[in-house]
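Peer 1: This is what each chain is made of:
Protein chains: 2
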Amino acid sequence: MTAPSDARARGTRLPRVRRRRQLLAAAQEVFVARGYHAAAMDEIADRAGVSKPVLYQHFPGKLELYLALLEEHSEVLVEKQREALESTDDNRQRVIASFRAYFDFVAGDGEAFRLVFESDLRNLPAVREKSEETFQRCAELIGAVIRQDTSISDEEAHLLSIGLVGMAETSARYWLNNHGSVPKDAAEQLVARLAWRGISGWDLHRAAGEQD
Amino acid sequence: MTAPSDARARGTRLPRVRRRRQLLAAAQEVFVARGYHAAAMDEIADRAGVSKPVLYQHFPGKLELYLALLEEHSEVLVEKQREALESTDDNRQRVIASFRAYFDFVAGDGEAFRLVFESDLRNLPAVREKSEETFQRCAELIGAVIRQDTSISDEEAHLLSIGLVGMAETSARYWLNNHGSVPKDAAEQLVARLAWRGISGWDLHRAAGEQD
DNA sequence: CCCTCATCTTACTCCGGCGTAGGTTCCCCC
DNA sequence: GGGGGAACCTACGCCGGAGTAAGATGAGGG
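Each protein sequence line maps, in turn, to chains A and B. So the first sequence is numbered by the working numbering: it starts at 1 and just counts up by one. So the second sequence is numbered by the working numbering: it starts at 1001 and just counts up by one.
Hints are not guaranteed to be accurate.
To list a few chain A residues with every Cβ distance to chain B over 10 Å, as calculated [as the list claims (entries may be wrong)]:
id : residue
1  : L14
2  : R20
3  : R34
4  : G35
5  : A38
6  : V54
7  : D120
8  : A126
9  : E133
10 : R197
With a Cα cut of at most 20 Å, we get these calculated SDA-like pairs of lysine to any residue [to be verified]:
id : chain 1 : residue 1 : chain 2 : residue 2
11 : A       : K130      : B       : A1033
12 : A       : K62       : B       : K1184
13 : A       : K62       : B       : R1173
14 : A       : K130      : B       : K1080
15 : B       : K1080     : B       : R1092
16 : B       : K1130     : A       : K62
17 : B       : K1184     : A       : D154
18 : B       : K1184     : A       : I152
19 : A       : K130      : B       : R1173
Not the full set, but computed from the structure, chain A residues with beta-carbon under 7 Å of chain B [stated by the list, open to error]:
id : residue
20 : F117
21 : N123
22 : P125
23 : L141
24 : E156
25 : L159
26 : L160
27 : I162
28 : G163
29 : T170
30 : N178
31 : L190
32 : V191
33 : G198
By construction, these hints were calculated from the structure, which means they are not laboratory data. Built from N, CA and C at the ideal position, the CB exists for glycine as well.
Go ahead and model the full structure; you've got the sequences and the hints to work with.
Peer 2: See below:
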């Protein structure tokens, strides 16, 4: 049960691209489980059933290896988000789809989301920028929808999107950590409803004299 | 301008408790600026205008020093949150006060919030537990209010609180990083309104036949 | 005045972990 | 079938940074 996912016969040679993929997979497991700092290149190599120099024939260093993974999964998240928002024209369904995208992302692919949301390397500018960029792109996708159907100003729409994205990220992570307490569907729906109630008819209510 | 906050005459002796306080302040500056891993005990000592062994006469190790700060500021956040919720009986005002508490926390005390929200040591169980506990306590305070005035089930109320706390944390951090784009008051109000619209009258609307 | 103890210093040791030098095996193609 | 190159290994260099001896210094009480 402690079986490493892919440490088959420590002696099988692999063509370059195949080996690279496998190394990335091994690295992901280790980075996810231990974080960047506690992850050892030796362990990554071991888990791939290979010795360390092989790793360095594929990646110039630990950092680049990490960045490759971060990049990949950041892109996945943004793409999921885009698909969700394009999947329908009904804004209420959009909100639900958008939250589901976050929950899916968090639930998927060996907890890779930890690289994007819980990196212990955000003090490095390259990583910080990538994380924030991903976050911003998600927010911007949502912001565009909000702006499109309301008269909310650009700046306000953006800040609201930031809040919504934060809510999605946080609740999805919480849900995963407490698996079993609530089924996925229910959690998504509940939080999506909270968000939808928050934004729907925003300017109507404002016009109708909602307290400032 | 690069003046370290408290590296006065490198040669003044200080009584034990005073020195300890100063060391904590120096440590906070360094941990906040560099994160746990990149922070060097040497730099902390330097910044306090003192040599390393002195540091070890006050704290058994780097980790304990870090935990002392984490503990302290976590407590501050929870306390601010409690005060905010106790400051009024009007739930709408409560929401605003609660968000303001988050923004205040983020804006205050030398960016100490980075220790609580952006720690690069969450892979260490002790730190992870502390962070999550703080988060949960804040959510629980809010959850109690929600439960008290609605018929929402405990589990649902908790999940909603989690989402709201995530929204507060995220938007506050975003606001700080983009200082100047929006004034603090406006940002607080805007996000608070989003939250309030989301939860207020929750069961009324449900009863009135809001789509499931 | 000088003894004592707490405060502080210089100058190390030690270790984990990244990255590499240099040599070996196996496959493929001519 | 043998040369060549790609894939791979063992074993090491080295550096940053945590933590530690062992000694210096100054302030207050007898």
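Peer 1: Next step is simple, just say for each hint if it's right about the structure.
Peer 2: Going down the list of hints, with the structure as the test:
1. L14: holds, 30 Å
2. R20: At roughly 26 Å from the nearest Cβ of chain B, R20 (chain A) sits farther out than 10 Å, so the non-interface label holds.
3. R34: Violated, because the least Cβ-Cβ distance between R34 (chain A) and chain B comes to about 6 Å, which does not exceed 10 Å.
4. G35: At roughly 4 Å from the nearest Cβ of chain B, G35 (chain A) sits no farther out than 10 Å, so the non-interface label is violated.
5. A38: The claim breaks: A38 (chain A) does not keep its Cβ more than 10 Å from every Cβ of chain B (closest is about 6 Å).
6. V54: holds, 26 Å
7. D120: violated, 4 Å
8. A126: holds, 14 Å
9. E133: holds, 13 Å
10. R197: With a cut-off of 10 Å, R197 (chain A) comes too close to chain B, as the shortest Cβ separation is near 5 Å.
11. A:K130 - B:A1033: holds, 19 Å
12. A:K62 - B:K1184: violated, 40 Å
13. A:K62 - B:R1173: Measuring from Cα to Cα gives roughly 29 Å; hence the hint is violated.
14. A:K130 - B:K1080: With a Cα-Cα distance of about 32 Å, the restraint between K130 (chain A) and K1080 (chain B) is violated, given a limit of 20 Å.
15. B:K1080 - B:R1092: holds, 17 Å
16. B:K1130 - A:K62: violated, 29 Å
17. B:K1184 - A:D154: At roughly 17 Å apart (the allowed maximum being 20 Å), D154 (chain A) and K1184 (chain B) satisfy the hint.
18. B:K1184 - A:I152: holds, 18 Å
19. A:K130 - B:R1173: Within the cut-off at roughly 16 Å; holds.
20. F117: violated, 11 Å
21. N123: holds, 4 Å
22. P125: violated, 12 Å
23. L141: Cβ of L141 (chain A) sits 16 Å from chain B, so the hint is violated.
24. E156: holds, 6 Å
25. L159: holds, 6 Å
26. L160: holds, 6 Å
27. I162: holds, 5 Å
28. G163: holds, 4 Å
29. T170: holds, 2 Å
30. N178: violated, 9 Å
31. L190: At about 6 Å, which falls below the 7 Å cut-off, the nearest Cβ of chain B leaves the hint on L190 (chain A) intact, so it holds.
32. V191: holds, 5 Å
33. G198: With a closest approach of 4 Å, the G198 (chain A) hint holds.
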